[in-house]
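Asks: Fit chain B to the given chain A structure using the hints.
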Amino acid sequence: MTTGVVPASFRDPAGFVWSDNGTLYRQINEAYHAEYDALMSSGLYGVLVSKRLLVAHEEVAVEGPRPGAYKTIKPDRVELVSYPYEWCFGQLRHAALTTIEVQKLALEHGMSLRDASAYNVQFHRGRPVLIDTLSFERYEEGRPWVAYRQFCQHFLAPLALMAYRDVRLGSLLRQYIDGIPLDLAAELLPRRTRWRPSLALHLHAHARMMARYGKREIPQSARRRRMTKQALTGLIGGLERAVRKLKWEPPPSAWRDYDETKDHYSAEATDQKGELVAAIVAETKPRIVWDLGANVGSYSRIAASGGAFVASFDVDPGCVELNYRQTVAAGETSLLPLVCDLTNPSPALGWSHSERMSMSQRGPVDLILALALIHHMAIGNNVPFDRLGAFFAELGDRLVIEFVPKDDPMVQTMLSTRSDIFTDYNEHRFERAFERWFEIERREPLRDSPRTLYLMHKREGS
Amino acid sequence: MAYIDPGSGSYLLQLIIGTALGVGAVVALGFRRTIGRLFRRKKKDAPPVVEAAPPVVEAAPEAEASPPPAEPPPAPPDQEG
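Here the protein sequences line up with chains A and B, keeping their order. So that you can map any letter, position 275 of the first sequence is 275 in this note's numbering, and since no number is skipped, the others follow by simple counting. Heads up, this note's numbering is the position in the second sequence plus 462, with the first residue counted as 1.
The following block holds chain A by itself, in its conformation from the complex (with noise of 0.2 angstroms):
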């Protein structure tokens, strides 16, 4: 258990989050006084939390670490903390969609959001809250807003991206850790984005100008103009029509539809590896799941099913979107899908390498679901099972794992146009590398397949 100030929260002077022995508080400082006051006599701290827009808190008489605290806040902790260049299309959508609809809110009430970072959106019970309490100020008639550039680096931006070019420029956000550079994003959006009118204001036009007045001082004659609150009004609804008019369907995929045409598998097989995770769920009742490789999410399913929180996760942005949707349209609160590479997983990033937490980081999780993944990341990706068995050890404290015999018929695609280098890769030698991390609880051949199933725990001190 981490204890001390996270070492992401230091920007703001308002306040900063800390956390002890597991559990994370909120400092609130005398600079926040009057508009945390604010917040919270205007009603609209009510309004978002009914509305599930903000992470709720409690007022908690615990001394905060450092000194200037007007207050602690002990607010309702995140499931797994997840960044924006994990989602998928539509989760970034709805992250903006929610931002938006706080600001909306937030104005009705006197105040306005006086960020809009999408590292202040996190899923929670399913679906994208503010997390940040204190991103709000007291709204100023006439003030423009001060988040608008943050809003469409943070979200218009790489939306359009992904929507007009590729998907799989969703991972710039990895890069550039407050936001994609407008210009950059106008230069690789295509030339008819130019003619979509919110596009071209906010994101072309607006590339223009802070190209043009970035380096320069506000002129006194714009100092004095204003913006009325109808404005502002008409800008946040702009933005939000720019945001909903982005659409993204995930194209047809050997991995989308895995699920529907694998002939690699009997359904008896399916049908076993289902009830083997429902029944290693139930007897080791997990509080948190990492299921890898998911796909569009079967498995995660059917762990989530048994109580507990499962992270869906898989390379490909189309399975994530589809595995989203339906997490959406179920209504499912304990499964976030995300996206990741495990070759290249996110790492460590930001000020310090210390803002943004590597996917290590994040765990270890108490049960690790690695299913028809063993020869991607042996065969595909050439990783010994020594370290494949250490990754999954740093991973979580239990492991589900799929061994995937040369003599599959999908081990032996992969090595259809290649040469078989793999002269280790067995059944044998596999449970030899992993019992340097591991010990094995149970076997289970699958039928009608070549394919066996494993339980392991890692081993005390490894």
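Keep in mind the hints are simulated off the structure, nothing from the lab. Using N, Cα and C, we set each Cβ at its ideal position, and we do this for glycine too. Treat the hints with caution; some may be incorrect.
Partial pick of chain B residues on the chain A-facing surface, computed with a CB cut under 10 angstroms [as the list claims (entries may be wrong)]: (1) Tyr465; (2) Ile466; (3) Ser470; (4) Ala482; (5) Thr496; (6) Gly498.
Replies: Chain B alone, transformed into the frame defined by chain A:
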């Protein structure tokens, strides 16, 4: 309390958008008044027999009465700054 940089360009663009929305609102209001006057005049001039006359809609439709459009016409794509 602004702790992030709003950006001079972003700030100025919002002022331009705000002005455009204001102009749009004035134009829309003028348009609605003109249309309203025309309809009222027609109503006065209309013969007292209303049996065959279609129903007269005096007010502008709900959508037109709502706040002005959020987005002004797009900037010409090749316009500098």
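Asks: Using 10 angstroms as the Cβ threshold, decide whether Thr496/B counts as touching chain A.
Replies: violated (21 angstroms)
Asks: Under 10 angstroms, Cβ to Cβ, is where Ile466/B needs to be relative to chain A, so tell me if that hint holds or is violated.
Replies: holds (5 angstroms)
Asks: Have a go at the Tyr465/B hint: is there a Cβ in chain A nearer than 10 angstroms to its own Cβ?
Replies: holds (5 angstroms)
Asks: Is the shortest C-beta separation between Ser470/B and chain A less than 10 angstroms?
Replies: Holds - the Cβ of Ser470/B comes within 10 angstroms of chain A, reaching about 4 angstroms at its closest.
Asks: The hint names Gly498/B as touching chain A; please verify it with the least Cβ-Cβ distance against 10 angstroms.
Replies: Where the cut-off is 10 angstroms and the nearest Cβ of chain A is about 21 angstroms from Gly498/B, the hint is violated.
Asks: Identify whether the interface hint at Ala482/B stands, where standing means a beta carbon of chain A within less than 10 angstroms of its own.
Replies: holds (9 angstroms)
Hints 5 and 6 from the earlier list are contradicted by this structure; the remaining hints agree with it.
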